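Here's the letter readout for the chains.
Protein chains: 6
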Amino acid sequence: MGILDHTIGEEIVLKLVQIHHAEEIFQCVVKNRDHLKRYVPFAETTKEVTDTEQFIRHALEQFSLGKEIHIGIWYQLRFAGMVGANQINTALGFAEIGYWLAQDAQGKGVMTRSVLSLMDYLFVERKLNRIEIRCAVSNQASQAIPKRLCFQLEGKLRQMTQTSQGLEDVYVYGLLKKEWEQAKEHDYWQYFRNENANRWKILERDSRRS
Amino acid sequence: MGILDHTIGEEIVLKLVQIHHAEEIFQCVVKNRDHLKRYVPFAETTKEVTDTEQFIRHALEQFSLGKEIHIGIWYQLRFAGMVGANQINTALGFAEIGYWLAQDAQGKGVMTRSVLSLMDYLFVERKLNRIEIRCAVSNQASQAIPKRLCFQLEGKLRQMTQTSQGLEDVYVYGLLKKEWEQAKEHDYWQYFRNENANRWKILERDSRRS
Amino acid sequence: MGILDHTIGEEIVLKLVQIHHAEEIFQCVVKNRDHLKRYVPFAETTKEVTDTEQFIRHALEQFSLGKEIHIGIWYQLRFAGMVGANQINTALGFAEIGYWLAQDAQGKGVMTRSVLSLMDYLFVERKLNRIEIRCAVSNQASQAIPKRLCFQLEGKLRQMTQTSQGLEDVYVYGLLKKEWEQAKEHDYWQYFRNENANRWKILERDSRRS
Amino acid sequence: MGILDHTIGEEIVLKLVQIHHAEEIFQCVVKNRDHLKRYVPFAETTKEVTDTEQFIRHALEQFSLGKEIHIGIWYQLRFAGMVGANQINTALGFAEIGYWLAQDAQGKGVMTRSVLSLMDYLFVERKLNRIEIRCAVSNQASQAIPKRLCFQLEGKLRQMTQTSQGLEDVYVYGLLKKEWEQAKEHDYWQYFRNENANRWKILERDSRRS
Amino acid sequence: MGILDHTIGEEIVLKLVQIHHAEEIFQCVVKNRDHLKRYVPFAETTKEVTDTEQFIRHALEQFSLGKEIHIGIWYQLRFAGMVGANQINTALGFAEIGYWLAQDAQGKGVMTRSVLSLMDYLFVERKLNRIEIRCAVSNQASQAIPKRLCFQLEGKLRQMTQTSQGLEDVYVYGLLKKEWEQAKEHDYWQYFRNENANRWKILERDSRRS
Amino acid sequence: MGILDHTIGEEIVLKLVQIHHAEEIFQCVVKNRDHLKRYVPFAETTKEVTDTEQFIRHALEQFSLGKEIHIGIWYQLRFAGMVGANQINTALGFAEIGYWLAQDAQGKGVMTRSVLSLMDYLFVERKLNRIEIRCAVSNQASQAIPKRLCFQLEGKLRQMTQTSQGLEDVYVYGLLKKEWEQAKEHDYWQYFRNENANRWKILERDSRRS
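Chains as they are written, first to last, in UniProt numbering: chain A, 1 to 210; chain B, 1 to 210; chain C, 1 to 210; chain D, 1 to 210; chain E, 1 to 210; chain F, 1 to 210.
If you are wondering where the hints come from, they were derived from the structure by calculation, not from laboratory data. For clarity, every value in this text was computed on a predicted model and none was experimentally measured. A virtual CB, placed ideally from N, CA and C, is assigned to each residue, including glycine. One or more hints might be untrue.
[As the list claims (entries may be wrong)] Selected chain F positions facing chain D (Cβ under 10 Å, derived; list incomplete): (1) 30; (2) 64; (3) 65; (4) 181.
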């Protein structure tokens with residue numbers, strides 16, 4: 001409940017990260033350190049709550065310039081991850097989206113819905129033309145999001161990311177505004193927007209059966 | 001529609017002010033200059049859209065430090081005013097709320113509802129204990145808000161504000177968290193929260209008759 | 001003796017706080033921690049001389065913008081407290097004065113005289129119109145200053161300050177320039193200005209007798 | 001001649017851009033505005049020498065943080081263009097190179113040699129692992145550099161750049177350190193490093209004949 | 001009259017420069033432009049009051065770091081010039097003093113007394129060990145101050161200053177703390193400290209006769 | 001080898017100091033602490049590599065403003081000292097040069113050649129008119145450089161430097177552009193520029209014999 005909250009279905013609340021969220025975010029990173037450390041660089045470098053505060057301050061500073069936006073995700077009232085655009089280039093009409101999710105909030109459509117909400121903001125409110133998502137070649141969980149949301153695979157950048165396993169190639173996925181405008185009318189996307197989280201589980205279960 | 005929007009009823013949308021709102025806000029100030037100039041100091045000093053941009057940058061900078069929050073109000077899809085807290089003191093658990101509204105959005109409960117939403121944020125999300133509203137002694141439209149929302153009159157500070165008519169005394173109204181917790185259960189407040197804007201007009205009309 | 005010193009009588013010297021005063025101020029805070037901690041928030045948070053240096057740097061930064069002024073008080077050649085204006089609003093012609101004094105310099109008229117000197121600066125040099133002093137309802141020592149100097153009680157702000165005893169109401173006292181101009185001609189104020197500190201003790205003794 | 005100069009052959013001098021170069025760079029941009037405006041965004045926004053000064057200040061600020069480097073190219077004693085890395089990411093061991101050249105310095109191997117020198121700095125001095133060059137799909141002159149220097153084509157990002165003709169797709173070329181180490185021993189690269197500029201013309205003429 | 005004023009005799013008041021002095025200082029520079037322009041570089045570059053404001057902001061910023069101090073001189077209630085230390089090096093115990101005076105305040109001992117007061121501050125309050133004054137070889141009015149105050153001539157730096165007549169050599173004068181401690185007991189210095197400004201004229205007249 | 005390297009003879013390479021040089025510089029300071037501590041103040045205050053990083057950041061910040069330049073000296077592939085100008089005043093056409101050298105690189109002409117290269121940059125690229133070198137009266141090794149390079153002794157500033165032995169007087173040496181233009185044509189200077197480092201040893205040996 002609040003002036004900066006965005007509610008999706010009955011269980012997901014998105015909020016612009018703010019300094020008073022630091023403790024909650026920090027605890028979530030600590031709890032998920034093993035889960036996150038392969039692909040999320042700060043999972044290992046976040047040692048104290050002041051590290052998280054410093055990140056939030058930087059995030060809001062960049063937000064105040066219109067260059068980044070970082071959204072916290074609360075699932076069933078607990079902080080569960082983040083989705084954000086860490087470079088918004090209004091001159092080129094371009095942004096790159098990144099995200100991470102706590103282990104126990106996975107498999108429920110939380111991130112797909114959160115990314116859809118962020119895309120609404122970027123295409124409608126910020127009038128962008130192109131959104132990019134980058135995933136390590138071995139990170140199939142991350143790749144599932146752009147695949148599910150109709151992004152096109154546009155390239156493979158060699159040795160472009162540093163994982164805990166060493167340098168790895170990166171897939172670049174892109175979605176243009178005109179593609180988003182078509183896709184968002186489809187039943188499939190409407191589903192993510194309107195249905196509640198419980199129904200998601202059914203869908204996922206069904207999709208695994210088939 | 002968007003990740004930073006907060007919708008009240010069918011006609012009011014609140015958004016954290018952002019740099020890409022500058023043109024819309026500036027045009028509203030220009031159109032309402034005569035209406036605003038007596039009590040809103042920047043109504044006369046805002047000469048170009050860059051003045052508004054500078055205000056927004058400052059507002060978000062302070063927001064990033066947790067010290068201020070400035071919310072734009074859209075009524076029937078057009079920008080119609082602002083509500084904000086221009087000093088949030090977490091050490092003392094205190095904030096002061098200010099607001100201004102375009103002339104053609106007045107008399108519809110827009111500001112009462114916007115202030116209620118901001119108070120939710122300040123008491124719940126920011127855990128404050130006391131909210132203050134200050135109004136020039138001659139500004140009865142502004143005083144109507146704290147009166148309607150059960151604030152107590154706590155003092156009269158002499159020659160504390162500069163209006164276009166010269167120095168004027170200021171009433172200080174205060175509301176404590178414990179008072180807000182009681183008030184928000186009342187039918188009267190529930191009304192503002194749940195009903196749509198059309199019903200407001202009926203209420204106002206009825207209240208004027210009685 | 002010095003270009004930034006302001007001498008009152010034979011025993012009081014006022015100086016704009018500067019970075020090389022840090023050690024002296026810090027030692028005074030340490031020695032008076034118990035005396036100050038109820039009403040002076042930084043008495044408990046000042047743990048090292050670098051905390052005091054940081055305060056001084058901030059104080060001078062705000063002074064350089066014309067927004068604050070912080071004056072150190074030396075009594076009988078030892079640092080004994082501070083008097084300052086921690087918000088100077090030239091647009092509104094307004095400032096709020098605050099002060100604290102070491103225990104062994106109390107009861108000698110030191111603070112009354114220091115506040116008078118600061119008021120001269122604010123009304124004459126800075127051309128302000130209104131000065132405000134705020135005191136916790138239980139802090140009678142602090143209230144004695146505005147009462148003695150003809151301020152008017154203008155309001156009681158509920159739960160506005162955090163003392164070591166918890167939240168407390170605050171009295172707001174105000175003095176307008178026109179009132180100051182009348183008062184400063186009175187014998188009573190002249191006395192504070194011209195006489196030396198020893199005579200103060202006699203006056204206080206006499207005033208307690210009557 | 002100078003402590004920050006890097007000489008290639010007899011005719012090319014590279015220098016870290018500095019504030020006293022502003023006038024010379026500005027005049028070159030003005031003279032080449034038509035030549036540059038399709039692909040170089042600042043060719044149109046650089047209106048006064050202060051715009052160039054602002055760019056240089058920003059460039060050196062980023063250089064001081066180790067995040068960018070911008071090198072001016074002098075050909076036959078006149079300023080003729082720039083080569084730089086506008087994001088150096090030491091955590092990922094990655095940099096992206098960009099460049100532009102005045103019309104009358106084209107076709108002489110100036111940029112190929114300048115890029116080679118910058119690559120030496122990035123791979124050897126800064127110990128990077130991957131260098132990227134991005135070119136608009138229609139910009140064949142720009143693509144000639146990574147092709148000539150053995151970069152691999154890694155992707156095509158759709159609508160990723162804004163040219164004076166509108167949005168355009170972008171080719172991403174990448175070169176890894178291990179590839180650079182092999183390539184730099186080849187006769188072909190040695191040629192660029194050791195021979196003087198006149199010999200370049202012969203080589204180019206011969207290569208066009210074959 | 002005020003908390004930051006330092007009064008010498010009946011006619012001289014010294015104040016730390018502050019932002020609200022800008023207009024007064026600017027008018028004095030304008031009026032004395034011809035008188036100052038040969039040796040005071042900003043006499044020609046100060047075109048608008050905002051130039052003076054910018055200087056004051058810089059001066060107070062450096063003061064807040066303990067690295068500079070700039071004092072305004074009021075003579076017979078009108079702003080008449082400045083005296084300051086524009087590099088205070090506490091590690092080396094060293095400062096350099098500079099000054100300029102309006103034409104109609106010259107020949108009255110105003111600057112000699114002002115410099116003496118600043119030296120008190122630098123040697124006593126700031127605990128420095130060495131003070132330096134530099135004067136263009138042709139500027140005899142400026143040289144009169146260090147000569148009168150027992151400074152030693154320590155060197156002649158060739159082409160070290162830019163006057164409106166071109167490059168000129170500079171005399172360096174130095175005074176050590178131990179020399180200042182002896183000198184300040186002499187009758188001559190006592191005279192500057194204690195007597196009023198009218199007496200100065202007599203002394204000067206007498207000294208010219210002999 | 002690199003875009004920011006300047007090579008002298010076969011054994012000396014000069015580079016603008018950059019943040020990735022910190023470790024190498026720090027180790028050299030540690031190793032030469034005893035050798036340096038008498039005259040180089042930071043030899044004792046540099047305790048950790050972060051101290052060196054902070055110096056480099058400051059150095060590059062000042063360089064980006066055109067106010068300082070700090071050059072690292074590599075001798076036989078190892079970092080061996082620094083030469084720099086720590087105040088470049090373009091308004092006056094003036095700079096002051098300072099330097100320090102590791103013990104095992106002394107006596108080989110390394111510093112004389114490095115200073116000559118820096119002077120080329122300052123007189124030619126930066127168009128300065130006067131260069132100054134200051135040396136403690138007891139520091140004959142340091143004085144050898146300006147003597148060898150035809151600087152004039154212009155003054156002796158008393159107690160101007162703090163050595164590990166206490167306060168000490170300082171010699172000021174100056175060289176004007178017109179003097180530099182004559183000197184650089186002489187055989188003696190040509191020698192430093194063109195010959196390799198081995199020849200230097202012969203010259204020095206010969207000069208000691210005579």
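Against the structure, the hints:
1. 30: With a closest approach of 23 Å, the residue 30/F hint is violated.
2. 64: holds (3 Å)
3. 65: At 7 Å from the nearest chain D Cβ, residue 65/F passes the 10 Å test, so the hint holds.
4. 181: violated (14 Å)
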